[in-house]
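Under UniProt numbering, read the sequence shown as residues 1 to 346, first letter to last.
Because the hints were derived from the structure by calculation, they are not lab data.
There is no bait here: all hints are sound.
Restraint ranges, calculated between C-beta atoms of paired labels, are given here:
# : residue 1 : residue 2 : range
1 : Pro-3     : Ile-27    : 32 to 38 Å
2 : Ile-302   : Leu-96    : 45 to 51 Å
3 : Ala-64    : Met-341   : 40 to 46 Å
4 : Tyr-206   : Met-1     : 27 to 33 Å
5 : Phe-291   : Ala-64    : 33 to 39 Å
6 : Gln-268   : Ile-302   : 31 to 37 Å
7 : Leu-225   : Ile-11    : 25 to 31 Å
List of simulated lysine to aspartate or glutamate pairs, EDC-like, C-alpha gap at most 16 Å:
#  : residue 1 : residue 2
8  : Lys-199   : Glu-269
9  : Lys-177   : Glu-117
10 : Lys-58    : Glu-117
11 : Lys-272   : Asp-197
12 : Lys-226   : Glu-117
The beta-carbon is built from N, C-alpha and C at its ideal position, and this holds for glycine as well.
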Amino acid sequence: MNPQAKLIFTISLMLGTTITISSNHWIMAWAGLEINTLAILPLISKSHHPRAIEAATKYFLVQATASTLLLFSSMTNAWYTGQWDITQLTHPISCLILTSAIAMKLGLVPFHFWFPEVLQGAPLTTGLLLATVMKFPPITLFFLTSHSLNPTLLTCMAILSAALGGWMGLNQTQIRKILAFSSIAHLGWMTIIISFDPKLTLLNFYIYSLMTAATFLALNSIKALKLTTLMTTWTKTPSLNAMLFLTLLSLAGLPPLTGFLPKWLIIQELTKQSMAPAATVISLLSLLGLFFYLRLAYCTTITLPPHTTNHMKQWHTNKPTHITIAILTTLSTMLLPVSPMIYPLS
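Throw the hints in and build the complete structure from the sequences for me.
As structure tokens, then:
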């Protein structure tokens with residue numbers, strides 16, 4: 001892709017995200033979401049492969065439908081209450097439509113079908129944007145309207161997302177699809193707590209974005225798209241693979257690593273809100289996700305390639321992206337000890 005065009009699309013992405021997260025009026029938030037959608041479409045379809053074109057078409061149709069529902073929700077609320085302010089969403093029908101619209105934008109169950117297909121058709125770098133940056137504006141709208149939304153509906157959608165995200169990822173061989181179902185499962189954790197402690201949802205999203213960025217950039221560096229490819233990378237870049245192993249375990253939420261922090265705080269908050277059964281169920285469902293993360297980690301480091309050809313190991317490379325990966329993987333694995341400092345800042 002032309003560097004000037006890529007620069008324009010990147011600036012448009014930042015502009016759309018900034019407009020949405022800083023707006024108080026529903027029309028401005030909607031305009032920002034539309035700018036975002038139009039900016040990401042060329043990045044999805046830049047390879048001109050039929051799969052990429054299909055992914056871009058699916059993404060456009062789903063996002064256009066979600067934006068229409070969001071606009072309809074805000075107009076219904078304005079019709080009944082005279083309010084266009086985002087935080088003044090009070091009409092129950094508007095709240096229900098908005099929940100559907102944001103769930104569709106994020107890829108929450110039962111509006112999740114598009115996300116694995118789109119991520120599979122997009123390049124890894126664009127997949128990273130879809131899994132992190134493109135979810136930030138809808139999460140912000142969730143945050144601003146969390147006091148108006150139905151907690152029971154959100155809890156049901158969250159538990160279903162955690163269940164389906166873990167269950168559907170079990171039999172996948174494509175890494176991008178596994179990460180897509182991982183994203184759906186993580187969204188379940190963010191959604192279940194948003195009615196009770198919205199700041200905890202944002203903290204969870206920030207830590208999830210950190211770990212996902214580290215994973216996507218590491219996979220992009222070693223050019224791995226399938227589990228079979230991942231098995232042969234250990235002999236080429238052992239240090240990077242070792243850090244990818246730890247990052248995947250952090251995404252799974254294992255205790256000494258950063259990924260355990262949001263799960264720990266969410267379970268604690270749910271217990272305080274007398275929702276111990278929901279906390280128990282979503283904790284048990286995270287074991288499904290743990291299985292496919294362990295499978296990825298096993299393929300990354302423990303399996304050996306089927307050949308014994310001797311070649312130089314790349315313990316040190318001069319690529320600038322590797323500095324970013326080093327910083328992200330360090331943060332993805334070592335933030336748990338400073339959690340008492342992180343939580344008050346959020």
